[in-house]
Amino acid sequence: MKHLDLIKMNKSFGTFHAVNDVSLAVEKGEFIVLLGPSGCGKSTLLRLVAGLETADSGRITLGEKDITDLESAKRDLAMVFQSYALYPHMTVKKNISYPLQIRKRPVHEIEIEVARVAEKLGLTDLLTRRPKELSGGQRQRVALARAMVRRPEAFLMDEPLSNLDAGLRVQMRAELKHLHRELGATSLYVTHDQVEAMTLAQRIAVMKDGKVLQFDTPKNIYNCPVNKFVAHFVGSPSMNFIEGTLDEGFIGDFNLRLKVSERKLNQISTGGLESKLTLGFRPEDIRVSKVAKAGFSPARVFITEELGNENFIILDGGGENRLTVRTPGDFKVADDSQIWIAVDDERAHLFDSKSGARLGSH
Amino acid sequence: MKRTVTKWGSYIIAGSGLLISLAPLYWLLTISLKTEIDQFASPPLWFHFTPTFVHFQEAFGVNEFGKYLFNSCLVATSSTLIALVLGIPAAYSLTRLKWPKNQAEKIGFWILSNRFLPPIITIVPLFLMMRNLGLLDSPVALIIVYVGFNLPFVIWMMQTFIREIPPELDEAARVDGDSYFGALIRIILPLASPGIAATAIFCLIIAWNEFLLALVLTQTESSMTLPIGIASQVTQYEIRWGIMSAAGVVATVPVLIFSLFVQKYLVRGLSMGAVKG
Numbered sequence: 002m003k004h005l006d007l008i009k010m011n012k013s014f015g016t017f018h019a020v021n022d023v024s025l026a027v028e029k030g031e032f033i034v035l036l037g038p039s040g041c042g043k044s045t046l047l048r049l050v051a052g053l054e055t056a057d058s059g060r061i062t063l064g065e066k067d068i069t070d071l072e073s074a075k076r077d078l079a080m081v082f083q084s085y086a087l088y089p090h091m092t093v094k095k096n097i098s099y100p101l102q103i104r105k106r107p108v109h110e111i112e113i114e115v116a117r118v119a120e121k122l123g124l125t126d127l128l129t130r131r132p133k134e135l136s137g138g139q140r141q142r143v144a145l146a147r148a149m150v151r152r153p154e155a156f157l158m159d160e161p162l163s164n165l166d167a168g169l170r171v172q173m174r175a176e177l178k179h180l181h182r183e184l185g186a187t188s189l190y191v192t193h194d195q196v197e198a199m200t201l202a203q204r205i206a207v208m209k210d211g212k213v214l215q216f217d218t219p220k221n222i223y224n225c226p227v228n229k230f231v232a233h234f235v236g237s238p239s240m241n242f243i244e245g246t247l248d249e250g251f252i253g254d255f256n257l258r259l260k261v262s263e264r265k266l267n268q269i270s271t272g273g274l275e276s277k278l279t280l281g282f283r284p285e286d287i288r289v290s291k292v293a294k295a296g297f298s299p300a301r302v303f304i305t306e307e308l309g310n311e312n313f314i315i316l317d318g319g320g321e322n323r324l325t326v327r328t329p330g331d332f333k334v335a336d337d338s339q340i341w342i343a344v345d346d347e348r349a350h351l352f353d354s355k356s357g358a359r360l361g362s363h
Numbered sequence: 065m066k067r068t069v070t071k072w073g074s075y076i077i078a079g080s081g082l083l084i085s086l087a088p089l090y091w092l093l094t095i096s097l098k099t100e101i102d103q104f105a106s107p108p109l110w111f112h113f114t115p116t117f118v119h120f121q122e123a124f125g126v127n128e129f130g131k132y133l134f135n136s137c138l139v140a141t142s143s144t145l146i147a148l149v150l151g152i153p154a155a156y157s158l159t160r161l162k163w164p165k166n167q168a169e170k171i172g173f174w175i176l177s178n179r180f181l182p183p184i185i186t187i188v189p190l191f192l193m194m195r196n197l198g199l200l201d202s203p204v205a206l207i208i209v210y211v212g213f214n215l216p217f218v219i220w221m222m223q224t225f226i227r228e229i230p231p232e233l234d235e236a237a238r239v240d241g242d243s244y245f246g247a248l249i250r251i252i253l254p255l256a257s258p259g260i261a262a263t264a265i266f267c268l269i270i271a272w273n274e275f276l277l278a279l280v281l282t283q284t285e286s287s288m289t290l291p292i293g294i295a296s297q298v299t300q301y302e303i304r305w306g307i308m309s310a311a312g313v314v315a316t317v318p319v320l321i322f323s324l325f326v327q328k329y330l331v332r333g334l335s336m337g338a339v340k341g
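Residue numbers (our numbering), protein chains in the order written: chain A, 2 to 363; chain B, 65 to 341.
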């Protein structure tokens with residue numbers, strides 16, 4: 002069932018088209034992540050939903066209600082800001098109870114609700130403190146508590162974890178996921194961190210230049226990116242790319258030539274074959290060998306990064322291009338030596354170099 | 065060794081600054097307490113004289129300085145309050161609402177440009193307007209005029225203070241269910257209180273000391289303020305130094321008390337933005 006529905010949203014700042022014809026339908030209880038590089042319009046889109054910006058065109062419905070022209074206050078949404086936006090002159094308790102006090106709920110009810118969320122987020126002992134006396138993680142919890150206290154129709158979160166240090170971010174990520182499972186509230190979450198997106202989202206909308214490029218489950222986005230940008234942006238380390246024209250079933254240059262299977266080529270219409278192509282494959286989708294094998298191509302090792310449980314072998318892909326190969330921790334090769342690699346055909350993608358679009362079905 | 069020199073050097077500089085700024089006040093105070101003979105003694109009697117309160121009695125008992133003091137308090141506080149009540153929402157809307165294409169900046173500049181005009185130019189029109197309104201010789205006229213003069217400053221100063229407050233705070237308040245006005249009252253006002261204190265004292269001092277307009281718009285003790293009352297002691301035949309000084313001392317006290325009262329806000333207000341606090 003559609004719960005939050007964005008229809009053909011547009012927003013420009015002067016000549017800059019921040020949100021360009023975006024439509025998104027969010028199911029009830031779904032956790033949606035808007036993912037993209039800075040300036041892609043993801044925060045603007047969130048602010049449009051929150052009512053903090055006015056759309057140039059488009060409609061937003063929440064539940065049965067058209068909220069396009071409603072003020073922020075009347076939309077029944079809660080938002081968590083990147084800076085937490087805690088009210089510095091109020092105690093934690095006042096901060097959390099603020100949304101209820103505005104709604105003039107009875108005092109005893111406010112007490113109960115504040116106690117409930119404080120308990121859930123482990124803030125019970127901090128209620129009398131002021132925001133400046135709290136650590137980053139605690140402030141984050143207070144911001145969440147303030148959002149949760151009045152059980153809104155949907156949650157909006159604008160990079161809520163990006164001000165935390167790395168360790169805490171991983172911890173809060175898990176807690177957020179747990180909270181969402183418990184509350185089951187429709188959530189729209191903005192981030193530029195693809196790991197956060199992959200771990201939290203039920204569906205990800207990858208954005209660039211104000212447009213949603215792909216809106217799908219994390220798994221489908223990882224395995225079936227619609228274009229080179231999505232393929233590159235999602236996944237760490239990034240997907241490898243080799244560019245060139247097809248030459249007797251091979252792609253690449255004198256540094257590295259990789260075989261593209263018949264099966265892959267057959268998927269593509271013949272028109273696509275004449276233009277420049279890009280072969281994309283993830284670091285784990287390469288088979289490596291220390292000796293020459295049939296179907297394997299030679300490649301030069303640029304450097305090896307050892308992580309203990311696994312190694313990343315960085316290969317010279319010609320010019321500035323480097324390829325990353327993920328291998329088990331016990332696969333060791335010397336820098337500058339030669340190894341043989343073959344791309345896992347099932348999982349590789351062909352892109353049109355010019356448009357970036359993925360060619361063929363998967 | 066070097067540090068002691070620096071320390072004493074700074075004390076000496078601060079001390080001389082203090083001496084220079086306090087000397088006229090001391091002179092004012094002593095004159096107000098001296099008999100007329102002692103006032104003109106040569107060489108001046110700096111410390112050794114018999115204090116007398118006769119000038120204070122004359123000023124507030126015989127003359128109408130009590131009334132002047134009341135008028136000054138009334139005019140200064142009400143004009144300051146009204147200017148704040150009108151100016152703060154104006155500053156808030158100019159900084160926070162969405163205005164088409166830099167209109168907020170233009171409006172803000174236009175408002176401030178009212179103060180580019182030398183006040184003396186407005187005297188004749190103001191006199192005529194107040195006469196037509198039947199407000200001549202009434203404190204109301206002064207209040208209206210001082211609000212007009214202080215409002216651009218209030219708007220301009222409060223704009224800078226409100227800009228220091230992160231916009232996410234009032235955005236959060238609005239998403240939490242508050243109106244624009246509610247966010248102003250519950251979030252912006254408490255956070256801008258140092259700025260409000262600084263602005264208030266600024267307006268208060270200007271209204272308190274204003275002479276030119278008050279001279280033209282007031283005629284009798286029913287509306288005259290302290291500066292006018294003091295100046296009226298310079299008469300055709302004599303200058304009543306004692307009464308002038310006594311009234312001057314009394315005129316200093318309310319502003320001094322108010323300044324001490326808001327000092328803790330003031331220091332933060334004037335240095336706000338220098339260090340993020």
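Hints are computed from structural coordinates only; laboratory data are not their basis. For every residue, glycine included, the Cβ atom is placed at its ideal position computed from N, Cα and C. Keep in mind that the hints are not guaranteed to be accurate.
Beyond 12 Å from chain A on every Cβ pair, some chain B residues (computed) [to be verified]: (1) 122; (2) 128; (3) 243; (4) 244; (5) 253; (6) 254; (7) 255; (8) 257; (9) 300.
Once the Cα atoms are required to be at most 20 Å apart in a straight line, the calculated SDA-like pairs of lysine to any residue come out as [said to hold, decoys possible]: (10) 162/B x 14/A; (11) 165/B x 294/A; (12) 165/B x 15/A; (13) 165/B x 133/A; (14) 75/A x 232/B; (15) 75/A x 165/B; (16) 133/A x 229/B.
Exercise for the section: State the violated hints by number, sorted upward, taking the hints as numbered earlier in the document. Expected result: 3, 4, 5, 6, 7, 8, 11, 13, 15
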